[in-house]
Every structure is written in C-alpha cells, then in structure tokens.
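Residue numbers (the UniProt record's numbering): 1 to 332.
Calculated directly from the structure, the hints in this document are not laboratory data. In this text the structure is predicted, and so the values were computed from the model without any measurement. Treat the hints with care, since some could be wrong.
[To be verified] Here are the computed distance ranges between Cβ atoms for each label pair:
no.: 1; residue 1: 53; residue 2: 284; range: 32 to 38 angstroms
no.: 2; residue 1: 264; residue 2: 132; range: 29 to 35 angstroms
no.: 3; residue 1: 46; residue 2: 284; range: 31 to 37 angstroms
no.: 4; residue 1: 141; residue 2: 317; range: 41 to 47 angstroms
no.: 5; residue 1: 93; residue 2: 169; range: 24 to 30 angstroms
no.: 6; residue 1: 249; residue 2: 317; range: 38 to 44 angstroms
no.: 7; residue 1: 89; residue 2: 51; range: 20 to 26 angstroms
From the three backbone atoms N, C-alpha and C, an ideal C-beta is built for every residue, glycine too.
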Amino acid sequence: MSHILVTGGAGFIGSNFVHYAARETDHHITVLDSLTYAGNRASLDGVPEDRLTFVHGDITDAELVETLVGEADAVVHYAAESHNDNSLHSPRPFLDTNIIGTYTLIEAARRHGKRFHHISTDEVYGDLELDDLERFTEETPYNPSSPYSSTKAGSDLLVRAWVRSFGLKATISNCSNNYGPFQHVEKFIPRQITNVIRGIRPKLYGAGENVRDWIHADDHSSAVLTILEKGRIGETYLIGADGERNNKDVVELILQEMGQDRNAYDHVTDRAGHDLRYAIDSTKLRTELGWSPQFADFESGLAATIRWYQENEAWWAPSKDETEAFYASKGQ
C-alpha cells in the first residue's frame with residue numbers, strides 16, 4: 001500500500017492516526033472530512049505537506065467517495081458521529097453518517113476491489129457489571145444502548161455482510177475509550193484538564209463509579225496500522241491496553257498531576273443510559289498479530305496528555321466557552 005484514504009482524519013482519533021502513519025510509514029494519506037464541530041483542520045498541522053491531501057467533503061457523497069476510493073490503495077474509516085449525549089438529543093445525524101456513510105464507502109471499496117478497515121467501538125457490546133470479572137471479546141454478543149452505539153453496531157454488521165456477500169476485503173476493530181492530543185473539550189478527560197487550566201472545578205457524572213478501559217490514541221493508531229498490514233480479511237480485532245479506571249479515579253489523577261487537591265471537583269447529574277463498565281480483552285490482536293501498547297501505564301499517558309493541553313491552548317480555546325455553556329444549560 002502506498003496511498004491510504006482516511007475518513008474523519010481531522011477528528012480526534014483519525015488525526016492521531018494520520019500523524020502516526022506519517023511518522024511510521026511512507027504512505028501518502030488523503031483525508032476526507034466534513035469538518036463538523038468535532039473536526040479541526042488544525043489537528044493535521046505538522047503532517048508533511050507532500051504526504052497529505054485534504055478533501056473537505058462528506059462520506060455520504062457517493063460521487064466524491066467513488067473518486068477518492070478509486071485513487072487509494074486502502075481505506076481506513078474513522079468518520080462517525082460519536083458523542084453519546086448528542087445521539088440522545090438528535091439521533092438522525094448518527095443514522096446518516098454511521099449507517100449511510102459506511103454503506104457509501106463499502107460500496108465504493110467493493111466496486112474498486114480496495115482494502116477496507118472499519119473503525120468501531122466497544123460500546124456496541126453494551127456494558128458490564130462493575131463487579132464483573134469478564135471482558136469483551138470478539139465473540140461477545142452486540143447489545144448497544146444508545147443511538148450512537150446502535151448505529152455503530154449497524155455499520156459493523158454492514159461491513160461483515162459485504163465481506164460475506166460481496167467479497168469485500170475488510171477488517172473491523174472495536175476499541176476502548178481513547179485519550180490523547182486533539183480530543184474535543186466536550187469529552188471527559190480533556191474537559192477536566194482544560195477546566196483545571198481555566199481555574200474551573202472539574203465535573204463528575206453521578207458518583208463517578210462508571211469504569212472505562214482507557215487507551216492512548218497512539219496505541220490505537222499502531223494497532224490499526226498493524227491490522228491493516230497483517231490482519232486476516234473478514235476478522236474483527238479488539239483493541240485495548242488494560243487501562244480500566246473509574247471516572248472518579250481519573251478526575252482525581254488529573255487534579256493530582258496538575259498540582260491540585262484530589263477532591264477539588266463537583267458532582268453533577270448523571271447522564272441518561274450511562275453504561276457502567278467497558279473492558280477489552282485484546283488477546284487475539286496481541287497473539288495473532290504481535291501488537292502491544294506503548295502506553296501500558298495509564299498514568300504516564302495521562303501526564304503526557306495533560307502536558308499537550310497545557311502547551312496547546314490555542315488549539316482548544318476557541319471551543320471551550322461554547323462547550324461549557326452547553327453543559328451548564330443541562331446542569332452538567
């Protein structure tokens with residue numbers, strides 16, 4: 001492969017993949033992104049200009065997608081509506097992007113015979129009990145609990161059907177919660193970090209007992225590149241770094257790392273349908289493809305993330321006030 005089309009490459013996880021692939025490979029990268037509020041062209045600053053082509057467009061635009069897929073050797077599909085709260089407030093965009101957009105892409109990839117990798121989420125599996133010792137595996141039944149996770153589950157099933165029915169050369173990965181640079185300040189970790197920078201007390205949903213399995217975006221990127229290069233067609237791989245932490249612990253770690261009292265945060269009303277626990281078993285990825293995470297220590301990855309937000313206020317500041325006003329209107 002010498003030319004990769006990355007959808008959603010100006011978003012959080014997609015832009016981290018673009019930076020990683022530009023560092024670790026010689027591929028030319030075309031980014032297709034509609035630049036919704038969650039996409040930021042500045043997130044691609046620093047990628048060598050001769051290695052990057054940026055296209056402002058929508059993955060539901062069949063004519064545009066047909067052209068770009070035809071020019072690429074492989075497609076890595078990150079583009080998605082992904083904010084749970086937004087999906088509860090306005091589900092329709094999630095259907096358009098996550099279902100119709102994915103259909104448009106896999107049809108083009110099928111017609112052109114191109115390699116396709118589909119990025120998904122562990123939220124398609126629903127949640128686990130807080131005291132459950134089990135973790136999600138590739139065999140865990142789907143049990144989505146929000147418009148976001150249900151449309152991602154639907155897109156996964158479309159990809160699987162196109163592999164079986166039409167011979168699409170595709171793989172799927174379901175990843176746990178990402179953190180790292182270029183994440184919108186509406187998300188949990190960057191919201192708390194930027195609150196502390198601004199002198200605002202962090203906010204914690206409910207009692208903060210909900211558990212997430214955190215992985216640094218660079219580790220997600222390295223896993224995706226490994227699957228793209230070595231993964232078996234038709235297979236699903238779960239990506240995780242054994243980073244289970246409850247939200248309370250994460251807030252307190254952020255405050256401690258930033259020199260604040262660990263208890264200097266406020267509890268706010270929990271959000272509707274808040275999943276209890278996610279946990280990923282990435283044994284298949286590690287044993288079959290030889291992948292392992294760089295940031296196996298969550299604390300060191302979190303410290304690096306805090307430094308990035310401290311050093312890049314110009315990137316996140318334009319959206320901070322609007323985000324906090326939105327949450328304030330909801331009592332969160």
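Compare the structure with the hints numbered earlier in the document and write down the numbers of the violated ones, lowest to highest. 6, 7
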